[in-house]
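S.K.: Here the protein sequences come in this chain order: A and B. If you count by numbering that gives the first Met the number 0, then the first sequence holds residues 0 to 416, one letter each, in order. If you count by numbering that gives the first Met the number 0, then the second sequence holds residues 0 to 361, one letter each, in order.
Be a bit skeptical, because a hint or two may be false.
[To be verified] Restricting the straight-line Cα-Cα distance to at most 30 Å, the calculated cross-link-like pairs of lysine-lysine (BS3-like) are:
id, chain 1, residue 1, chain 2, residue 2
1, B, LYS215, B, LYS279
2, A, LYS330, B, LYS117
3, B, LYS78, A, LYS330
4, A, LYS122, A, LYS60
5, A, LYS105, A, LYS137
6, A, LYS307, B, LYS78
7, A, LYS227, B, LYS19
8, A, LYS330, B, LYS19
9, B, LYS111, A, LYS330
10, A, LYS129, A, LYS101
11, A, LYS307, B, LYS105
12, A, LYS68, A, LYS145
13, A, LYS145, A, LYS129
14, A, LYS330, B, LYS120
15, A, LYS227, B, LYS24
16, A, LYS330, B, LYS108
17, B, LYS224, B, LYS181
18, A, LYS330, B, LYS224
Honestly, the hints are just simulated from the structure, not real lab data.
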Amino acid sequence: MSSETGKILTTDGIPLEVSLKKAERKNKIKAFLLVAPLLLFLLITYIFPIGDMLMRSVDDKMVTEMLPKTFKSMEKWDGKELPPEEVFESFYLDFQKLVEEKRDGKLSTQLNYTKNGFKSILKKLRRKAKNFEEGNYKEQIMAVHKRWADVEYWRAIQRRAPAYTSQKYLKGIDMYKNEEGKIVSVEEDRRVHRILWLRTLEIAFFVTLLCFLMAYPIAHLLATLPMKYSNLLMICVLLPFWTSLLVRTASWMILLQQQGVVNDFFVMIGLVADDNRPEMMFNKTGTYVAMTQILLPFMVLPLYSVMKTISPSLMRAGKSLGGTPFVAFWKVYFPLTIPGIGAGCLLVFILAIGYYITPALVGGASGTLISNQIAFHMKSTLDWSFASAMGLMLLAGVLAIYWVYNKLVGVDNIKLG
Amino acid sequence: MSKNLDFVKFDKVDKSYDGKVLVVKDLNLDIAEGEFITMLGPSGSGKTTCLMMLAGFETPTNGEIYLDKNPISNIPPHKRGIGMVFQNYALFPHMTVYENLAFPLKVRKFEKDEIDKKVDKALSMVSLSGFENRMPGQLSGGQQQRVAVARSLVFDPQLVLMDEPLGALDKNLRESMQYEIKHIHESIGVTVVYVTHDQSEALTMSNRIAVFNDGKVQQLSSPDKLYEEPVNSFVAEFIGENNTFAGQVTNMSTKECKVKLNDGTEIVANPISVKSNGDKTTVSLRPERALINTKEKMDNNFKGKIEEVIYHGDHTRVRLDLLGNKEFILKVPNSSANMDIKMGNQINVSWNSHDARALDPK
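All chains, please: the whole structure from these sequences, using the hints.
M.R.: So this is what it looks like as structure tokens:
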């Protein structure tokens, strides 16, 4: 082989590459062992739960497992007319087995989700099935209730055949698969989730904007002030960071409530009448105020770290070359802070989009976000698969934003510190 | 065309940052049009502060600075029209070389073709034509330096300030850049105020040098005069190498004086800043002005013991113990006549009293 001759050998005659690998192996193993605990930790606490969430959100095995014979025999059925005897027979066998195991109640709940009216006819079937004679199950079952002779109900059962479903995701955006298998929106007055998604995006966007507007001057001051003042200011920025989130949110509740400090002040200076105090809490305003304050350091710090590296002589150069202070700022300083702006905005936006405690406490009905809805389904309705689906949609949204950001600005341009 | 001799004028300028310490004290300085003047001094001597006041980034605490007869204290930096080269070049890292050079022209609302023309001219002046589309980060230190010089000149300012522009370059590059800047200055005749702490840079480039120390100009003169005739011991110490003897004036006359050293010997010296007998003084002598084993007749002749010999190629540095000064340096040209320089030998050292300048005591 010609490449053999091109290989460089060490003085001992071993190819250089082999020798190098040997020499580096020990270091590589050491490095791997050092990161192994973290890797394991991430695997157990992050990758595995997310995988589990994904499974849970699309999992629809329950009905599939309860009616195995039925679905097998349904494979040949085209769904246009009533299914053949074979299907009725296997359904009867499956159902009897469930009745023996006392799991028929679950089946009726599940099928009722798919189509209303299953509950009563399954109950009736259970009663009558005891006296069924062998053979001709089709006739016997159809005799139980007229709905059993309706092809729609059999189609509804067939829809539950796949082990996986996208219906939780569709529900997350207020859509569902109708009886013809088409994806349609729910009626207008029942659309809750879309409003929540839009509100989440809106609040995250404006919180990011507000944070940016407030953090930019602070970060600039931090980066340019002499050490002794900038340290003090830095502590002021970080102090809220060191305070418990709950405490900070609670203090906002004290400040913002209708009989609170801010309202008292407004009344005192005559901005509002005492009997007409504005509501600043349990609505969007409260969410905006509290979230902006809590997320501000996440904007200040990346901006600060970028601004710190910008030499003051650049602004001076801009001015000495004839640029007015504004031109020097806009053409020289501002473009150089873009990596920090990008990092800060991305950080704040992503944090805001999944924020939970603050909107839960001060948001009220009009200020809650999608994460509150997820928590609601986790804790109250116990529809974990729906909560998982929405959690994953949120995650996908964040990844999408990251992707768009990468296309527009480039992730290499981010500087987190 | 008659030259404007006080194109830039510092008039009794004081500067203090904290109201307690004066960084610049009573500075009076006239700079002629087309001149290359260097402010030289150790760090903290106030030279950069002077430059910053001229550029408009600092305001004088007292006094006034005039540019072409107009007071400029109340004019903001961007209206002064002064070009400036910064210590670390201060090229805009997010702009190409072309955009960097076009910046001062764009803010002055030049037409596109005129900008192109001027940028082209400035780049060819620093021999960087063809680098228009590079980013500053892709250039070497020397090239960045030249872009910075070109940028400071591209809008044809009458005055260019340079704040230790060569400080970050290596020795060889620094030397070649010194000549390049000097040639640019000569060819376009712009007035240059240059700040450095490197004396060799100051000596090679300037028409005149202002030596700063402690917020004051110690001496303002041409490079040769500064080296040959320092007016005080700070300047003598700061510029070039220097041998010193501390002593007391004993026999004062107009042309020469006798100085009694601490060990009792008397030497003849040139009285510069001593007035009368009994004055304390530091006598300064350049190493190359003292000769060994010479046949010439000189009015100071002493014997010294060789303590150290360092070979430098073209010359040999000899450290002597002479008249109680163990750090007396001699530079012996590398020729066969001086072969008996060996450690421990006694040799004769002589110099003319004219070259031994009796300055203020340290």
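S.K.: If a hint holds in the structure, say so; if it does not, say that too.
M.R.: Each hint tested on the structure:
1. Among the hinted pairs, LYS215(B) with LYS279(B) is consistent with the structure: their alpha-carbon atoms are about 23 Å apart, no more than 30 Å.
2. With a CA separation close to 21 Å, the supplied pair LYS330(A) and LYS117(B) stays within the 30 Å bound.
3. With a C-alpha separation of about 17 Å, the suggested pair LYS78(B) and LYS330(A) falls inside the 30 Å cut-off, and the hint holds.
4. Using a Cα cut-off of 30 Å, the hinted pair LYS122(A) and LYS60(A) holds, with the two alpha carbons roughly 22 Å apart.
5. Between LYS105(A) and LYS137(A) the alpha-carbon distance is near 23 Å, which keeps this suggested pair within the 30 Å criterion.
6. Among the hinted pairs, LYS307(A) with LYS78(B) is consistent with the structure: their alpha-carbon atoms are about 28 Å apart, no more than 30 Å.
7. Taking the CA atoms of LYS227(A) and LYS19(B), the gap is about 19 Å. The hint holds against a cut of 30 Å.
8. A C-alpha spacing of about 38 Å is found between LYS330(A) and LYS19(B), which places the hinted pair above 30 Å, so the restraint is violated.
9. Straight-line distance between C-alpha atoms of LYS111(B) and LYS330(A) comes to about 18 Å, which keeps the hinted pair within the 30 Å bound.
10. Simply put, LYS129(A) and LYS101(A) have alpha-carbon atoms about 14 Å apart, close enough for the 30 Å limit, and the pair holds.
11. Taking the CA atoms of LYS307(A) and LYS105(B), the gap is near 28 Å; set against the 30 Å cutoff, the hint holds.
12. Under the criterion of a C-alpha separation no larger than 30 Å, the hint pairing LYS68(A) with LYS145(A) is consistent with the structure, at around 23 Å.
13. For the given pair, LYS145(A) sits about 19 Å from LYS129(A) by alpha-carbon distance, which is consistent with the 30 Å threshold.
14. In summary, the hint linking LYS330(A) to LYS120(B) is supported, as the alpha carbons are separated by about 24 Å, within the 30 Å threshold.
15. With a CA separation close to 28 Å, the supplied pair LYS227(A) and LYS24(B) stays within the 30 Å bound.
16. Proposed proximity of LYS330(A) and LYS108(B) is supported: the alpha carbons are some 15 Å apart, at most 30 Å.
17. Using a Cα cut-off of 30 Å, the hinted pair LYS224(B) and LYS181(B) holds, with the two alpha carbons roughly 19 Å apart.
18. Pair hint LYS330(A) plus LYS224(B) does not hold up; C-alpha atoms about 46 Å apart against a cutoff of 30 Å.
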